[in-house]
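**Q** Here are the chains, one letter per residue:
Number of protein chains: 6
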Amino acid sequence: MAQEFLEKKGLTHLNNRGEAQMVDVSGKPITQRRAIAQGQIRMALSTLEAIEQGNAPKGDVITTAKLAGIMAAKQTAQLIPLCHPLPLHKIQVEIECDRHLPGYQIRATVGTKAETGVEMEALTAVSLAALTLYDMAKALDKTMTIEGIQVIEKTGGQSQTSDK
Amino acid sequence: MAQEFLEKKGLTHLNNRGEAQMVDVSGKPITQRRAIAQGQIRMALSTLEAIEQGNAPKGDVITTAKLAGIMAAKQTAQLIPLCHPLPLHKIQVEIECDRHLPGYQIRATVGTKAETGVEMEALTAVSLAALTLYDMAKALDKTMTIEGIQVIEKTGGQSQTSDK
Amino acid sequence: MAQEFLEKKGLTHLNNRGEAQMVDVSGKPITQRRAIAQGQIRMALSTLEAIEQGNAPKGDVITTAKLAGIMAAKQTAQLIPLCHPLPLHKIQVEIECDRHLPGYQIRATVGTKAETGVEMEALTAVSLAALTLYDMAKALDKTMTIEGIQVIEKTGGQSQTSDK
Amino acid sequence: MAQEFLEKKGLTHLNNRGEAQMVDVSGKPITQRRAIAQGQIRMALSTLEAIEQGNAPKGDVITTAKLAGIMAAKQTAQLIPLCHPLPLHKIQVEIECDRHLPGYQIRATVGTKAETGVEMEALTAVSLAALTLYDMAKALDKTMTIEGIQVIEKTGGQSQTSDK
Amino acid sequence: MAQEFLEKKGLTHLNNRGEAQMVDVSGKPITQRRAIAQGQIRMALSTLEAIEQGNAPKGDVITTAKLAGIMAAKQTAQLIPLCHPLPLHKIQVEIECDRHLPGYQIRATVGTKAETGVEMEALTAVSLAALTLYDMAKALDKTMTIEGIQVIEKTGGQSQTSDK
Amino acid sequence: MAQEFLEKKGLTHLNNRGEAQMVDVSGKPITQRRAIAQGQIRMALSTLEAIEQGNAPKGDVITTAKLAGIMAAKQTAQLIPLCHPLPLHKIQVEIECDRHLPGYQIRATVGTKAETGVEMEALTAVSLAALTLYDMAKALDKTMTIEGIQVIEKTGGQSQTSDK
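Protein chains in written order, with the numbering used here: chain A, 23 to 186; chain B, 23 to 186; chain C, 23 to 186; chain D, 23 to 186; chain E, 23 to 186; chain F, 23 to 186.
Be aware that one or more of the hints could be misleading.
Repeated chains share a single entry, so a pair holds when one copy, or any two copies, can fit it.
Under the rule of at most 27 angstroms between Cα atoms (straight-line distance), these lysine-lysine pairs were calculated in the BS3-like manner [what the hints assert, rightly or not]: (1) Lys135 with Lys112; (2) Lys135 with Lys164; (3) Lys164 with Lys50; (4) Lys112 with Lys50; (5) Lys164 with Lys112; (6) Lys135 with Lys50.
The set of hints was computed from the structure by calculation and includes no laboratory data.
These figures come from a predicted structure and were not determined experimentally.
Working from the sequences, and respecting the hints, build out all of it.
**A** And the structure:
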């Protein structure tokens with residue numbers, strides 16, 4: 023009963039006894055896959071201005087956050103218990119200053135050629151880039167919030183559905 | 023000029039040439055410190071119901087997310103480039119079903135006795151718990167969003183300020 | 023002399039001077055491979071009963087041990103010096119209460135499509151699941167023993183032999 | 023009811039709702055602590071002889087297993103979900119050939135000065151040393167078994183009891 | 023302008039806005055690739071003699087350094103921010119005593135079948151083997167220097183050029 | 023005999039049977055400790071100029087290398103088999119363009135308050151910063167060499183000697 027329900031509904035990380043497992047992807051074809059995730063960090067305008075000014079000569083705050091995102095994407099399978107370890111062919115993290123937020127918009131694009139998708143890698147990259155921005159500005163601002171982390175595009179795999 | 027500005031404003035991860043560094047905390051006293059962070063994942067009500075029903079017999083989705091948060095907190099200094107490696111004395115992750123969201127409310131409490139605070143550990147725990155919930159439900163729902171990740175309490179250190 | 027001996031006998035991690043190396047698998051065909059390992063943890067019956075009763079409402083002890091096993095399998099090549107890093111397509115850890123032992127029976131199944139086998143991944147999953155059960159019950163019982171860790175099935179590769 | 027039971031019985035990794043947590047050790051005194059664990063790997067006598075002969079000139083099999091045990095002890099808190107990250111002051115792994123087993127006896131001694139004990143570090147060192155011996159001999163022998171992993175001494179902490 | 027310059031010159035880790043990224047290798051063919059790197063550690067002759075004599079019965083210093091090199095090669099993508107995670111088919115580290123240096127010559131050979139090369143893995147293996155030799159002899163000698171770390175052979179990929 | 027020799031000479035990573043161990047530092051006092059290491063990467067002048075020009079707008083090459091050095095310092099005990107895991111209070115990596123080399127001069131300063139020193143952390147930071155510079159310029163230049171990695175200052179501990 024419950025099993026049928028789960029199978030229909032697709033909670034594929036739970037096996038037919040409701041227990042956690044890393045699902046078997048060995049029967050899936052290897053295809054080019056890409057996922058794009060985004061998110062943002064909201065902060066006081068004065069914090070944003072301090073980063074932008076302090077940042078101007080060297081770009082370190084933004085670069086540090088980008089690198090943290092890229093490196094975290096490569097650690098996704100170590101961080102998320104039921105994710106498959108995958109080769110990754112491309113990881114790009116973009117961070118844009120948004121004075122209207124105010125804060126930063128973060129976007130991560132991850133590509134691979136594998137049996138399963140990379141949206142968790144993209145989401146992990148966005149999350150760690152945001153946390154790193156937080157870390158570097160937290161002495162200035164105790165009220166920052168990380169928001170809107172979501173997948174905005176996923177290609178490859180059957181009918182573009184999330185099947186990892 | 024820029025240096026004076028940075029010193030006054032407190033972008034302590036940037037040294038006086040605007041470059042990234044892991045700030046020296048050796049002069050700080052060791053005190054009991056605690057940080058609490060929260061966040062949430064929003065999903066379709068049908069997704070929430072599927073998890074809650076499928077979850078009933080074993081609790082695996084929620085437990086998996088909690089453990090991912092706890093384990094990620096212990097990895098914080100490896101994930102966030104300029105964070106100090108710290109001993110951690112307590113990590114607790116709580117996840118509550120919220121039918122009004124609909125989705126889950128996540129809260130992490132981290133404690134230590136150290137020269138610097140643990141808000142990044144608490145934020146990292148919340149973020150990875152949320153990402154793990156996402157991972158386990160993503161076959162059901164492509165529109166989930168992770169939101170509202172913020173620090174809600176920080177004690178210990180000078181005047182309760184963020185000084186890591 | 024010694025070299026010939028080693029070649030015949032198959033101590034393939036030692037090269038012809040008796041030194042450690044990670045053996046070259048690039049000439050091997052990529053095939054579907056699977057390994058199953060098992061093991062057990064023996065404890066006082068009162069410990070087992072405490073876990074089973076305390077465990078009932080949330081399943082946390084067993085789930086935590088399973089997840090530790092799954093996550094450790096993904097770390098095998100970082101933990102065992104001469105293991106090859108491999109993609110993994112499936113990891114399943116099963117833990118059964120055995121009142122006759124008394125204790126828990128643990129079984130791990132790992133699958134991949136690669137040049138070399140995954141028995142070390144399966145054995146690592148069993149070992150860390152057992153260690154995690156130990157960790158969670160050690161306040162109750164100082165006399166637990168982990169036993170009988172072995173490979174019970176290995177398929178794929180030439181003549182089903184261990185050739186990693 | 024269940025809570026009282028757990029408190030009395032000491033399943034300290036479960037909080038009063040039966041959920042997993044990393045227990046708070048901040049109230050505990052820092053003391054010198056030491057733990058010794060042991061285990062063994064059983065193999066065919068011919069396998070043991072092959073290792074001992076091949077091993078003679080360089081000692082690589084045994085040294086590799088010792089180092090794997092030492093390095094794994096340092097990773098314990100990353101591998102076992104609810105273990106505390108601790109400084110470690112000493113890690114020693116001893117491996118003795120036992121022709122009567124036949125196989126190898128493994129013993130690990132770990133020391134620290136901390137709020138909680140190091141038996142999990144000692145058990146992890148023994149387990150990974152045994153797995154590494156398995157890995158290095160598996161081309162010779164498909165019937166090896168890892169056995170008898172247990173704590174044989176634990177000092178430091180209140181009344182020498184396991185309280186991590 | 024700058025972009026064209028970069029494209030011509032090949033600073034492929036910088037995208038057309040001069041920002042860090044992990045370059046997209048998904049369009050590249052999978053080929054057999056191999057890289058060999060070398061380096062050396064220079065020390066006092068008396069240090070070298072102490073290691074060689076102390077080392078004789080067990081070979082531990084050299085074996086420890088080799089294993090550190092092999093294990094580090096497998097961590098390359100976690101250590102070097104813009105490196106791609108790759109399967110590795112072979113890792114060999116050789117360390118030779120050189121009384122004329124005096125010190126040790128280190129050489130690492132790494133092989134894979136992938137879209138991009140493995141020279142960073144070979145260089146990382148040499149570097150960590152050298153650092154481990156340093157660590158094991160540093161109580162004897164404060165003047166050791168690690169030198170001459172370079173790639174000496176790279177095969178596979180287009181026209182044997184470095185394109186990772 | 024051999025043991026006495028080793029004890030006198032100070033190969034403290036080898037115990038009295040010549041085997042690898044992580045030495046016991048629990049009897050040592052906790053003191054403020056600092057180590058500074060340096061090294062350099064030599065490259066073609068045209069490569070240096072390309073980096074400096076491409077680098078101007080964003081500083082990414084240098085920042086990426088600095089961050090890689092800082093993050094690697096935090097991983098030292100995972101990378102070097104017999105190093106003790108330590109809290110780190112300060113990590114600074116400086117990279118200066120040297121047109122006379124031509125190439126980059128790298129310097130790392132690490133501080134802690136612990137029972138043992140941090141020269142391996144400083145050397146590891148320099149090594150990984152150098153490897154990252156190599157990685158980012160390798161498409162331009164196949165003849166780069168990493169050189170002169172050494173400790174230039176070590177304070178704290180008994181008589182400023184290396185005793186880790």
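**Q** Work down the list of hints and note, for each, if the structure agrees.
**A** Against the structure, the hints come out as follows:
no., hint, in the structure
1, Lys135 with Lys112, "both (10 angstroms within a copy, 18 angstroms between copies)"
2, Lys135 with Lys164, "between (41 angstroms within a copy, 21 angstroms between copies)"
3, Lys164 with Lys50, "between (46 angstroms within a copy, 20 angstroms between copies)"
4, Lys112 with Lys50, "both (21 angstroms within a copy, 12 angstroms between copies)"
5, Lys164 with Lys112, "between (34 angstroms within a copy, 22 angstroms between copies)"
6, Lys135 with Lys50, "both (12 angstroms within a copy, 11 angstroms between copies)"
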